[in-house]
Every structure is written in structure tokens, then in C-alpha cells.
Amino acid sequence: MAFWIVQSLNGISFGMLLFLLAAGLSLVFGLMRIVNLTHGSFYLLGAYIGLTVIERTGSFLVAMVVAPLCVTLLALLIHRFLLRRFHHMELAQVLLTFGLLFIFADLTLWKWGGSSYVLPKPAFLATSLTIGSIVFPAYRLFVIATGVVIALLLWLVLERTTLGSMVRAGVDDEEMVRGLGINTPRLFTAVFALGAFLAALSGVIGGPFVGAYPGADFEVLLLALVVVIVGGLGSIRGAFVGSLVVGLIDTFGRALVPELAMFTIFAPMAIILALRPRGLFGRI
Amino acid sequence: MRRHFWPGIKLTLGLLCLAVVVRLLPTYYIGLLTEVLILGLFAMSLNLLLGHTGIPSLGHAAYFGAAAYTMALLSLRLMQNCWVSAAAAVGVSLVIAALYGLLALRTSGVYCMMITLALAQVLWGIAYGWRTMTGGDDGLPGIARPDLGVLLPWSLQDPANFFTAVLIVFVVVVAALYLVVHSPFGYTLRGIRDSEARMDCLGYNVWLHKYVAFLIAGGVAGIAGILFVYYHGFVSPAELSLVQSAEGLLMVIVGGAGTLLGPVLGAGVVVFLRNIVSAYTERWLLVLGLIYLLVVLCAPHGILGALQARLPRWLSRRAAL
Amino acid sequence: MVRPPQGGAARLPLVLDRSLRKAYGRGREARTFPWRKGGPVHQRRHFLPLTVGVFTLLIAVTVGIIRAPIASVADAKTPIKIGVLAPLTGPLAALARDIVDGARLYVDEVKGEMAGRKVELTVEDYEFKTAVALTKTKKLVERDRVHVVVGVILSAAAIAMKDYLHAQQVPFIVSGAAVAEPLMMEKPSPYVFRTTFAASQVPTPLAKFTYDKLKARTATVIAGDTVGTIELVMGFARAFEEAGGKVVQEIYTPIGTTDFGPFIGRLRRDVDVVAVLVPGADGIRFINQYEEFGLKGKIQVVDTAPGITDISLLPSSGPAALGMYASQPYVYTIDNPQNRKFVQAFHTKYGRDPGGPAEATYVALAAIHQALTATGGNIEDKAKFLEALRHMDLEAPRGHIRFDKYQNVITDVIITRIDKVGDQIVPVVVETIPGVEQFLGITPEEYLKRPRLVALKGTFGK
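Residue numbers (our numbering), protein chains in the order written: chain A, 1 to 284; chain B, 285 to 605; chain C, 606 to 1067.
Any given hint could turn out to be false.
The following label-pair restraints were derived from C-beta to C-beta distances [to be verified]: (1) C:1047 - B:360: 29 to 35 Å; (2) C:848 - A:125: 38 to 44 Å; (3) B:386 - A:84: 32 to 38 Å; (4) B:442 - C:955: 40 to 46 Å.
Among chain C residues calculated to face chain B with C-beta under 8 Å, some are [claimed, not checked]: (5) 721; (6) 739; (7) 743; (8) 761; (9) 831; (10) 1033; (11) 1050.
Because the hints were derived from the structure by calculation, they are not lab data.
No residue lacks a Cβ here, since even glycine has one placed at the ideal position from N, Cα and C.
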């Protein structure tokens, strides 16, 4: 019994981590049709910058604020000067973000070296909760909580605020929205920056979990793609559900059938692709 | 009559010169050139999909790696005749291309990209996880080059001989691709790339053309995979990974999408940077990324495309490349 | 353009609009690919000689670059080139630095000269990937013309390199780890030596110790899923069962696993000891998560070789690793004169204590030096040099060592416990088992008849 509870909690916490990773990608893709391959780099940059901030200031909370802000600034510049000129040219945008992925991979290797780092957890979360016979790390519960909070915030912003409706309208019919006097290029830059913010935040929060090391950007990107494909392209709700599904399947897969450990991440994806390429909640 | 044959004669002479000149180089550089040819084949197959048909595929390494693994497994476990193994390997990559083509061609644009990537990752996951069969992350070492006995009395262990063998395969495949690209089929593909709706209106079976292009691309990638296995003597899940597909894409874009030999140029750039520039600076990947960005921003036809566009009229010939 | 009514199908207008635009070709779709502004793709000038010309240019450039001298003639005065291959990028980067630093320390101590010839080190990073290891080896051998290759931690990489180095006739001294049995026992090559240890050598005494002194009767083994680490825990498992214990569970984690939650959840809580070999950064995460899930102190953990307990990783695994036992051929706390000297020199030069790979690489270079002295500086005569290398007999920092018939080192095995001494986390030597060799006391022929350790994977815990 304890086994099932612990593994379920493991699965949910991993799923929430995946959601944090994938939310940014799903947002940018769903709203702007850009497959932002630099997403992985934003994660890694967030994690590395968070690491440096924690080393300098000793505070996890400061890192949680500073690192995403730095990365957001970078993303603003990237979108404004590189991606915006290729508006509606999706292939060009993908190829550009892809080149940036390689560039950032090398730059981070240069700055932070080849070692594999794990971010230190904040002291008050570095404990374990004991309920009966179950011992579970507090930090994973924190990750679950953060995932849910961010999901709620995103949903609130997109569905219940004027800004959110502007963004949704801008995607559906850009010319009309422009005609209404709304500055869509700036709007899209803001959305891209939000996506990067989420990626970097997941870098800091996932850092104690996943860590920061050369190659993490590719791995995280793949994980995020799996979630987005399973959950459905363009839907935050899909990303949430998809990440939970993938997290649980993967955790139980590793726990019960460890020989297929790597395959359990890609199996749900393969099934969805074969049966329903749109994804669970896709809005193509 | 002679004028028709003249380009062919020039080409043959050029290739003979190449084969001879290469023998004078140290073995390290012969090896690098061999790698350029092999990866060039891989990139050319992707170019057929991306540059000529407009299908963006981020999972092209799937066919490359599948053929490589088939070849490796057959050579190591069953020790069959290398021709039979090669045929089986190409067969496997064709089957996978057939299956993946059905799934991927249901979508277009960025969706196609993501789905092809996902499909390749599935294959990667199998290669990584199925340790007993594929050796998992440790890979399959110790694959020896075949003894061709009857055809070539020289051993393929010698790098120069192996290069010549690869060059022969390369020339044959390029000739075949040339025929494809300059046939009505090829023109139809380019028409589809430019506007699917238009071709559809004109009455062409767009889906079938795309599917056949997919198959051809998968097969050629398979051939590249076979050569790769013999070159390195080793195969691992890296040959199926996103990084491998990404490199192929890089080679196509940098070299010249939509040309014929452009991707080989791109392969040359990548191999050159990775092996030679890396001896002088560790930041070769950064240089590669920057070149790539420059190409995407300023010369979307790639290096070869840009060169071709700038040449004065009187140098141009009917022979398309 | 007539729009269908809004509401609900908000996405339709976009789709309709796009296909209509495509059909009428407003110039925008022509920019889909390639995306250069200026309308539809124009006719290209096609050009055959140009391409061949570009190729010839590439080749000419290559030839031009390689005008740089490549030593092809064996000359008694040319420097000895030693290639050092280490995974400087990746989960074992910390141990990789040990390899490079150990080599450099030795070269500095002999002032860059061995038997009258200068010595040069060429360091290459194989990123803990076998494919990259092969490429870098080719570069070292064919481009840099190294005379010997040392280093390498990943067993799979060493096994893949073996065939190539054998064909190229380049001696290869494994000095990082690469402990897998197939490296030396299957298709043995006279060119391959190992100064680290074999998968059977180091865990076996630990298994006996765990059974006798720690009184453990049941065990679970956890290892990274690659041949080297698998063999180490299998070596432990086999010896533990031979001593009378029972291994009840095997768990293997893919290299690069970040979330050990599912695996720790699977661990049986009723075992006496958990024998691990989770390498590098993975190991740090494992031991930290092991503590998080409340198992530290409840179930004893032993490191079957320096995985988590390697000195380069202790600062990161630190408090979580306290109380672990480990078994290794070398630890910096060994108390003998040459080790004290070595640790002192290493500490002075690098500001930290040396780990196993550092000492093994130092020893590898010392072995090369000894062999060169015996051949009078001649490394080009492969047969003579290999013969001299086989007769290595050194007072290494770990003690007296020499090679066995299969060119693997015969070494003492030291069992340590990670303790807190003052405010430092230190591996304290608990027991020393002298003169262990990879065939564990029986004849090589007898030992080779037994299945290789990696074949035992999955046979325990049934």
C-alpha cells in the first residue's frame, strides 16, 4: 500500500515538473505556432543562472526571481530582433530557434564547464515528511503545489483577463486585432517572453530534481515535446493532463518494468501519434 | 555528339583525380573525407524531403540508425553475406519510412516536424532500452568491414580503399538522385513544395508524390547508415538521436536546400568544424551555430544556393545541380 | 472574403483563410520556404564544374592545413606523445579532472622527460560517450600520432577502442576505471593494460567483509545500466552469495537518471544492505534522494567501488554519504611514505586530494617511464616496449603493484568507511586486503570458464 502511495506521489510530482517544463512550450506553440526549440536552452540557462545566484546569495527565493527575469530579458531580445521578422514563416522560425539551441549549448558549456550540478534546495524544504510508514521529501510536494498554482494562474490569465483575450484573438485573426488598434507584434513578444519565463522558472524549481548539466537542454526539450504531443498541441489544459499522464506512466513504468525505463516516456507518445495525432486535447 | 558527353567525361575525370589525390593524404584526412561523403548522403536524402518536397522532417535519423543497427546486428550475430545484410538493412529503413510516412504525412508544417521527431524518438527509446538486443547505451562495437573478395582484391581495412568504395557508392546514389530530381517526378515535387494547392488543382496526386519522396529519402538514408556502420565499426543510440537529425538539418540548410550537392558541402562544413577547427578552439559548436544562423538569416538557399545565384549567366549550363 | 459566424469554431477562419490564400498565391505562401523576401523562388543557375571545383578547393585547403608537420618518421629525438582520454564533459567530469591532473603531476615531477626524450600530453574529452571516444581515439592516433593512450572511465568506450588500438598497434593503459571483465578477458589484446582494477577484484573482499563484519545476510544491488557498473555489483552479488548471503533484488538505473524516486520506491525495506554503483553525478542524486526518502541510517549502503565515495564527489554527496562503506584500490588516506609524498605533491599543485583515477593515471605514466628506461627510450619498437611494460614493478602510492599474465594490475584492496573527522568528511581506512588479482586466486583458465559477470545480470533475486 505504501508502495503505491509513494509511487503515485512520485508520479504526480514528476508530472508537475513536466508541466512546468512543457507549459512554456505549449503556450508559445499554441498561441503563436512557433516550435520554440530554444525552450531547452531557456531551461538550462535558468538552472545555471539560478545556481550562480544561489552560490552568491545563498537564497533560493532570490534565484527563483532573478534567473527567470534574466532569461525573459534574453527572450525578449531574441524575439524582437530575430524571430519577429519571420512572422508567419514557421519553418524559418523553427530553424532559427534550433540554431540558437546549439549556440546556447556551447555558451553554457563555456561559462559553467562540463560538470553536472544539482541545485541546492532551500533549507526549509530540504526535509522529509513522515506520515505513518511513508517518508516523502517535502520538496516534491512543493513542486506539486507550484505546478498547480502556475496552471491555475495561466488559466486565469488566458481565460479571464483582457490581456488573455487579446492574445487569443490575436492568434485567431491578427489583422482584425490590429485593426482594433492593438499592437500585436508587441503582444506576441510578450507571450514569447512569458514562455521563456516559465521555462527558466522550471529550471530553478526543477534544478534540485533534474539538475543542470551539458545535454540537459536537449533532454528537457524532448520531455517537453512528449508532453505537448500527448496532451495536444496548443492547449494548456492538454499540457496539464498530458504531463500527469506521462509522469505517472513513466514513474510506474520505471518502478514496475525497469528494463523498459527509457521507453516508458515515449510509449504514450507513440500510441497517441498512431491513434490520435492531434493529442488528447489538441486544438489544431 | 561529343558535347553531350563532355560534362560526363569531365565529371569522371574529376572523380578519378579525387580518388588518386586522396591517397596522398594522411589517413586521418582520408577518414574525414569518407565521413563527409557518408554524412553527405544522409543530408542529401533529407534534402530530397525538405529542399525538394518541402516536408520538414526532424526525425530523419530514424532511417539512418535503423539501417545501421540492422546491419550491425546481422553482421555480429548472424554473420551473413554482407550483400544480403545490406539489402536487409535498406529494406528495414524502407519499411520504417513507409510506416512513418503514413503517420507523418497526415500533417504538415510544424506539426509534421514534431511528429517526425517523436517517431524517431520512439525508435531511439527502443534502441536505448532493449539492452539485450542493441547493447543499450553501450552500443555494438566490433563490426568488421566486409571482405569483398571477388569484386575488389584490395582490403577495405585500408582507409584509402574504403574511401574509394564509399566514393563509388556515393557516385551511384548521386546519379540516381540526379535522375530523380531532374525527372518530371522531381519537378512535381518542387511544385508541391512551392504550392500544394496549385498542384492539387492541376490534378497531381500530391499525397502519393510526397509518400514516394519519403520512401526514397528513407532508403538513401539507410544506405548512408550502412556505410556509417562500416566506417566506424560501431553503432549506438546516438545514431538515432535528435542530435543526429539536427545535424542533418544543419547540413542541408547550410549547404543549400533545394540543390543536389549542397548538403554534401554542408556535411563538409560540419565535419571540418568538428574535427579540424576543434583542434584549435573548443568553441567549434558555437561557430557552427553562428554560421547556421547567418545562413538562415542572410542566405536561405544555403552556401551553394548563394554561390549559384551570383554566377554570371554565361557560366551557366543546362546541367542542373 | 466572407467569414463564417464567430463563436465556437474560432479556429476555422484561420484555416480557411490560409488555404484560400495559398490557392490565390498572394505571394506570401511562396515565402514559406525559402523565406527570403522577394516573391516566388527564382530559377537557379545550375552548375556542375562549380561543385567539383568547390570540392577540390576543400581538399586543397585540407592539404594546406596538413602541411603542418606530422611525425611519421620514428626518430629517437622526437618527443614521446601520450594521449589522455577523459570524460571532461558529463556526469563524471570531476573524476575526469583527476585523470588529467594525475598525468600532469607525473610529467611535472620528471620535468617533462623520460629516458632522455621529451614527453608531451595531448588531452581529449570523450564526453562519456562511446561514439565520441572512438572519434577522439582516431584523432589521437592518426592525427596527433600518440605513442600510448591512457585514461578512459567508461567500460563500453574502452571495449570499443580496444579493437581499433589493437589494429593500429598502439599501447593502451586503462587508468580511469573501465573495469569490465570483457575488456581483458575476452579476445585479450597484448596492447591493453589496466592500472585501475577489474570488476571482480574490488567488490569481492567487500562482500566478504559485509557478510562477516557487518553481519548482513540479505542484500539488494543497485547499479547504473552500463556494462562496467553492472559487473561491479554482480561481482559483489556473486561473492556475497558465495559467502553465504542472499541477494534478493537487482535494480538498474539508466545513466543520466535524475529522478530516483521510482527506483527507491521499489527497494525492499527488509534487506540488511544495499550495494550500489551509481556513477558520478547520478550517484550524488541517488544518495541525496535516498536520504530524502528516509532510508539513510535504516539500511546500510555499501559502495562496491568508488562511485559515490570517490574523493572528487564527496564534497557534493557529503553528509548524505556518511556511514557508507566502500572498497577501492586506492584512497588518499593510505598511510605509507610514497602515498604521503604523492598526496602532498598533488595537494600543493591542485589544492585538493587525489582520487582513484588520479593515482591510477600517475601510476600508468610511471609504468611507461619504467618501460622506457628498460628499452633505452625506444617506444617505436612495439614488441620490446610491450615486453618491458609487462614487467612493471612499482612502489605506487597505493603500495607495491605489478601486472598479472593478462595485463591487469594486482593490487591491495582497501575498505573504508565515510566518517566525520572534526568537521571534515573523510574516508577512514577500516581494512586492507593485500594482493588481490582479477582471477581471485584460481587459475586464469579456470576463471575464464565461468560466465562473465555481466552475464549474471538478472539471475539474482529469483
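Now the hints, each set against the structure:
no.	hint	result
1	C:1047 - B:360: 29 to 35 Å	holds, 31 Å
2	C:848 - A:125: 38 to 44 Å	holds, 42 Å
3	B:386 - A:84: 32 to 38 Å	holds, 36 Å
4	B:442 - C:955: 40 to 46 Å	holds, 44 Å
5	721	violated, 28 Å
6	739	holds, 6 Å
7	743	holds, 6 Å
8	761	holds, 4 Å
9	831	holds, 6 Å
10	1033	violated, 35 Å
11	1050	violated, 24 Å
Of the numbered hints given earlier, the model fails hints 5, 10, 11; all others are met.
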